[in-house]
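K.L.:
Sequence:
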Amino acid sequence: MALYEENDVYISNSISRKKELFTALNAPNLGLYVCGPTVYSDVHLGNCRTFISFDLVYRYLTHLGYKVRYVRNITDAGHLENDADEGEDKISQRARLEQLEPMEIVQKYTLGFHGVMSRFNAFPPTIEPTATGHIVEQIDMIQKIIDEGFAYEKNGSVYFDVKKYNESNDYGKLSGRKIEELISGTRELDAQSEKESPLDFAIWKKASPSHIMRWNSPWGIGFPGWHLECSVMSTKYLGDEFDIHGGGMDLKFPHHECEIAQNKASNGSEGPRYWMHGNMLTLNGQRMSKSTGNTLLPHELFTGETDKLEKGFAPTIARFFMLQAHYGSQLDFSSDALLAAEKGYHRLMAAYRKLASLEPSAESTSEFKVAEWHKASYAAMNDDFNSPILISQLFEATRTINSWENKAPLSASDFKLLKESMQAFIFDVLGLEDIGAQGSGQKLDDVINILLDLRKQARDDRDFSLSDAIRDKLADAGIEVKDGKDGSTYSISL
RNA sequence: GGUUCCGUGGCCGAGUGGCUAGGCAGCGGUCUGCAAAACCGUCUACAGCGGUUCGAAUCCGCUCGGAACCUCCA
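Numbering of the first sequence is given in the numbering used here, commencing with residue 197 and proceeding in unit increments.
Keep in mind that the hints were calculated from the coordinates and are not lab data. In this text the structure is predicted, and so the values were computed from the model without any measurement. Don't take each hint at face value.
[Claimed, not checked] Pairwise CB distance ranges (calculated):
1) Glu201 with Gly500: 44 to 54 Å
2) Asp336 with Lys550: 57 to 67 Å
3) Glu559 with Phe449: 50 to 60 Å
4) Pro405 with Ala533: 47 to 57 Å
5) Ala558 with Thr502: 47 to 57 Å
6) Glu601 with Gln482: 41 to 51 Å
7) Glu216 with Ala620: 21 to 31 Å
8) Gly683 with Arg595: 20 to 30 Å
9) Gly683 with Gly329: 56 to 66 Å
10) Ala567 with Ser487: 43 to 53 Å
11) Ser406 with Glu344: 25 to 35 Å
12) Ser380 with Leu221: 32 to 42 Å
C-beta atoms are modelled at their ideal positions from N, C-alpha and C, and glycine is treated no differently.
Based on the provided sequences and hints, a complete structural model is requested.
P.N.:
Rendered as structure tokens:
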């Protein structure tokens, strides 16, 4: 029996605003689509948080035995600068600025994105489609939407007719908006605008002569609209109806609202059955955002080369920090919070290493009930991927493990369950990495053990100035000596 | 202005109509040559004011404060 058959997973579905029991359309197959980045500049930590959140989702569902097709797009066609569907797209703008081909910009920042995600130990998606690689499919979808009567062509551009759509559908159901309120809240339309209503959005845009990224279409030379690619690529690879669609909270409106409309208008289905939205990472209480410049870049975090942090932090520690909050809550990034997470992380990892080196006993005499703990740990993740609760479970185990000496007071089967679960939760599900692990080199391990032997000798001889010097100098080198009843161990912090 | 969400102890963060996570820091112990680590014990809570209830931090209303969206943004 697969794990997913014995674990009922509940997901906060944005569209119903309720926690719902998740059922896969075609178990064990499962489709997950996540909106990826626009590759016109470096990704910042806010972007990373969303992708780490969905990496957790992907990892847990995979852990449960689902065969997940995980699609995450790369937006490389360039979105426009503003609401009026006017102006230059961001990739072209950046290309001009850096004096590169647009596709060089795309390549540069795509590689950067991949590099960063890999440092955070996030799995790559199983399919990573690009918008420019799906122009033909986008043109097809536009044509379908026109054929169904939900879009109109104007001077070489095509616009989605939101009012028309809303007559037979509910535009705004995801974000809880009413079309009347949206209209009344809109500023006066430019006299220039071709749109029949301010709510209409471009699904194909005529290219001005200076526009670099351009393709042929039945409506002339142009480029696809902002929201179309996700509709096209999600349904192409996952089907007209599929399981889960994720993305950042900021994409809920209008991006995801438009996706639903496009899906419904073109194929009659709204697409995903579960919508998941990751919440924002804030810096100084304000959302990180490329356009406002309130950002922290991954390399600044890793190296500490920023006035926003006291020191650098390893990627896995930032990951651990993020997973200590629920993906649906806002999280503020601060030095103090990172520092606290770092200490907790090291304690957890040290306990795991200790566990791995212990032996079981004949029978379980510990008050720590492994089976109950195991069950509660799964229950945490089943409840809308509640990683903070899972982590609190891991710390419960940590305290217990640390109190043991020599042998674990557990039967072989309990011990095996605890060890394998800790391993699975820490590394497979949470995706953490043990940067303080011994064996960062057998030779280094040997050398440190020689030093620890020398120190023991000095202590036995009551030559404490020598033994303390060894301890302090190792500490300076980032190697912490820990004295226990049965001799000394060490851990390396980076 | 409209829509949505949040306000938890020194800090970070879960959760919830009665059984009151966890991390970090503090305090008191145990251990240690000293320290660190580790363990044990312990102190700080649910923004304010009303209401519903046998009982609310949890539900409802109001007030105050903050955030996201309503323009591209994870």
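K.L.:
A separate judgement is required for each hint: does it hold in the structure or not?
P.N.:
Hints, verified against the model:
no., hint, in the structure
1, Glu201 with Gly500: 44 to 54 Å, "holds, 46 Å"
2, Asp336 with Lys550: 57 to 67 Å, "holds, 58 Å"
3, Glu559 with Phe449: 50 to 60 Å, "holds, 58 Å"
4, Pro405 with Ala533: 47 to 57 Å, "holds, 51 Å"
5, Ala558 with Thr502: 47 to 57 Å, "holds, 54 Å"
6, Glu601 with Gln482: 41 to 51 Å, "holds, 49 Å"
7, Glu216 with Ala620: 21 to 31 Å, "holds, 26 Å"
8, Gly683 with Arg595: 20 to 30 Å, "holds, 22 Å"
9, Gly683 with Gly329: 56 to 66 Å, "holds, 59 Å"
10, Ala567 with Ser487: 43 to 53 Å, "holds, 51 Å"
11, Ser406 with Glu344: 25 to 35 Å, "holds, 33 Å"
12, Ser380 with Leu221: 32 to 42 Å, "holds, 39 Å"
Figure legend: structure checked against the earlier numbered hints; every hint is met.
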